[in-house]
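Make the full structure from the sequences, and use the hints.
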Amino acid sequence: MSKKIVVPFGPQHPVLPEPIHLDLVLEDETVIDVVPSIGYIHRGLETLVAKREFTEYVYVAERTCGICSFIHGMTYCQGVEQIMDLEIPARAHYLRTIWSEYSRLHSHLLWLGLFADAMGFENLFMNSWRLREFVLDVLEETTGGRVIQGSCKVGGVRRDISDEKLAAMAGDLKSFETELSDLSEVFLHDDSLKSRLVGVGTLSRTDAYDLGAAGPVARGSGVAIDLRKTGYAAYRELRFEPATESAGDCYARCAVRIRELFSSIDLIRQAVEKMPEGEIEVKLKGMPDGEYFSRSEQPRGELVHYLKGNGTKHLVRSRIRTPTLTNVPSLVKMLQGCELADVPVIVLSIDPCIGCMER
Amino acid sequence: MTYLKRSPWIIHYDASSCNGCDIEVLACLTPMYDVERFGIVNTGNPKHADIFVVTGSINEQNREVVKNIYEQMPDPKVVVAVGICAASGGVFRECYNVSGGIDKIIPVDVYVPGCAARPESIIDGIVKSLSILEEKRTKMNSPAAKKDTQSGGIQ
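From first to last, the protein sequence lines are chains P and A. If you're matching positions, the first sequence starts at 1 in my numbering and goes up one per residue. If you're matching positions, the second sequence starts at 360 in my numbering and goes up one per residue.
These are computed hints drawn from the structure, not numbers from a lab. Glycine included, every Cβ here is placed at the ideal spot set by N, Cα and C. Please note that the accuracy of each hint is not assured.
[As the list claims (entries may be wrong)] Away from chain A, derived, C-beta distances all over 10 Å, residues of chain P:
#1 5
#2 24
#3 60
#4 153
#5 164
#6 189
#7 204
#8 241
#9 258
#10 269
#11 275
#12 278
#13 279
#14 283
#15 329
#16 341
[What the hints assert, rightly or not] Pair by pair, the computed Cβ-Cβ distance ranges are:
#17 A/498 / P/5: 43 to 49 Å
#18 A/366 / P/266: 29 to 35 Å
#19 A/422 / P/168: 46 to 52 Å
If you want it as C-alpha cells, here you go:
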C-alpha cells in the first residue's frame, strides 16, 4: 500500500478569489479524504442586529455576500414584513423579482467564468465576464449600484423602474440571449471541456438528498428543489420549471446553471409583461414582534434568514443559513476518489461563496 | 503614465470581505476594464508580486495569513487596501470578529474608498500605487541605501 500524504489547499491560492482551506489526504494522485476548515472571513455580522435598527439592518444583510446581495436584502425584508404582518404592493414584489433574476444572471455568469478559469480556459473566462458586464450595467442603471444594490427596504423597494425602461430592458435581453446561446454552446458541447467535466465529481441522487445539498448541486443530481416554487415575491404568478439533470457530475451542475440562465431571462420577460401599476412601498407601523423563517432561492440554493423580534426597534436574533455551508458535506463526498488535478474544478462546481458561508 | 516602465504584478487576498470588492477586483482584469493593457497581471504567488491588493478587514483567523503574504513579497512592494472594510472595517467595524483595517497589521500605501469599490477607482488606486512603487525602488537603489546593505540589494 502506498503512503498517505496530506496536501494543504488554501487559504490563499490561485484558483479561488476567496479563502477556504482544505486538507487533501492523498494516496498517490488520488484524493481519499478531505478535511475542510473554515473561518477565514468570519465577521460575526448576525450580532449586529442588536446594534442596528431593524430598518437599518437591511444594509448589513445585503453585505452578507457581494454576489447575491440583493437576494440577501430581500429575504431579510420579507422576514420582517411577515413578522409585522405587512402586505407590500404588487409592483414592489415584481420589481424584487426582476432584480433577483438579474442577480442570478450575474452570479451564474460570474461562476461560468471562474469555472472556465479553473479548467485553464482563460478565453472563456474573459468572454463570460464580458457578457456579465451587460447585466451589471442594467443593475447600475436601475438601482445605482453594480454589485451592492441597496434598492430593497422593509415595506417595499426604494426605486421604481419606469415603463419605458422596463420595455427597453426586455428588448435588450434579445441580443444578450443570442450571445449567451453562443457561450453556452461552448460550455455544453466543446470536447475539451466535456473531457474535464463528464463523470468528474459525481454525486448520486441519494447522497445529494441525504447530505442536504441545495440549489444547482441538488438539481444536478436530480433533486428538484427550487425555493422559487414556494411562490415568494411574484414567483407565484410566473411560469417556470426547476432545471434538473440526473448525472450528478460537474457537467450536470454546469448544464443546470446554463438552463437557469435562460429561465431567468424568461422570468424577467414575464415579470415585465405582467408588471402591475401602483405604489412601490407601504408605510411601516409599529415594531416587529415575533419570529419567522424567511426562505428564498439564491443562485447557489436555499437561503434562510431566521429573524426574531420582541417589539423593540432592535431584533433579538438573526440567523442566516447559506447554501454553500450546506453544500460542503456534498463537496467532501464528491472529492473522495477524484484525482488531485481535478480538485479545483470540483470545488468550483458547487459555486462556493465563502463570504456568505462564514458571514 | 511616464513612470510605468515595468509590468507590475498584483496579488489579491480576500481578508473577510463580503465578495463585493473581490469580484470588482476581478472585473478589472476582464475585457470591460482590462488592466492587462497596462501590463498588470494577477498572480497567485506572493514571490512574483509587486502590489498586494487586500479587500476586507482583519480578523483573528486571517491575521497571520495577511502578514505571511506580505512578508513573502520581495522589496520594493506596495499595499493597496480596496474598499471601506480594508480601510477601517466599514459596516462590519462593530462585529466581534473584526479587528479593523489592514493597516493594523501591515503598512498600507493606497486606500481605495467605496462599498463596493468601483473598478474605475480600483484601477485609479493601483495606478497611484505604481508611482509609490517606483519611488521605493529609486530609494532602494540609491547609493546611500546600497551602502547600508553591503551584501547588495536587488539590482
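Hints, verified against the model:
Taking the minimum C-beta to C-beta distance to chain A, about 22 Å, the non-interface status of residue 5 of chain P holds against the 10 Å cut. Distance check for residue 24 of chain P against chain A: the nearest CB is about 17 Å away, which clears 10 Å, and the non-interface claim stands. With a minimum CB-CB distance of about 6 Å to chain A, residue 60 of chain P fails to clear the 10 Å threshold, and the non-interface call is violated. The Cβ of residue 153 of chain P sits about 16 Å from the closest Cβ of chain A, beyond the 10 Å cut-off, so the non-interface label holds.
Here residue 164 of chain P stays apart from chain A, with its beta-carbon at least about 26 Å from theirs, past the 10 Å limit. Taking the minimum C-beta to C-beta distance to chain A, about 23 Å, the non-interface status of residue 189 of chain P holds against the 10 Å cut. Against the 10 Å criterion, residue 204 of chain P stays outside the reach of chain A, whose nearest CB is about 31 Å from its own CB. The beta carbon of residue 241 of chain P sits about 29 Å from the closest Cβ of chain A, which is more than 10 Å, so the claim that it is off the interface holds.
Remark: the non-interface label on residue 258 of chain P is consistent with the geometry, its nearest Cβ contact in chain A lying 19 Å away (cut-off 10 Å). At roughly 25 Å from the closest C-beta of chain A, the C-beta of residue 269 of chain P stays outside 10 Å, upholding its exclusion from the interface. Every beta carbon of chain A lies more than 10 Å from that of residue 275 of chain P, the smallest distance being close to 28 Å; the non-interface claim holds. The beta carbon of residue 278 of chain P sits about 32 Å from the closest Cβ of chain A, which is more than 10 Å, so the claim that it is off the interface holds.
Chain A leaves residue 279 of chain P outside its interface by the beta-carbon criterion, the shortest separation being 29 Å against a cut-off of 10 Å. Every CB of chain A is more than 10 Å from the CB of residue 283 of chain P (nearest about 26 Å), matching its label as outside the interface. Distance to chain A confirms residue 329 of chain P as a non-interface residue, since its nearest Cβ pair spans about 21 Å, more than 10 Å. Distance to chain A confirms residue 341 of chain P as a non-interface residue, since its nearest Cβ pair spans about 16 Å, more than 10 Å.
Taken as a hint, the range 43 to 49 Å holds for the pair residue 498 of chain A and residue 5 of chain P, whose Cβ atoms sit roughly 44 Å apart. Checked against the hint of 29 to 35 Å, the pair residue 366 of chain A and residue 266 of chain P fails, with Cβ atoms roughly 44 Å apart. For the pair residue 422 of chain A and residue 168 of chain P, the supplied restraint of 46 to 52 Å holds, since their beta-carbon distance comes to about 48 Å.
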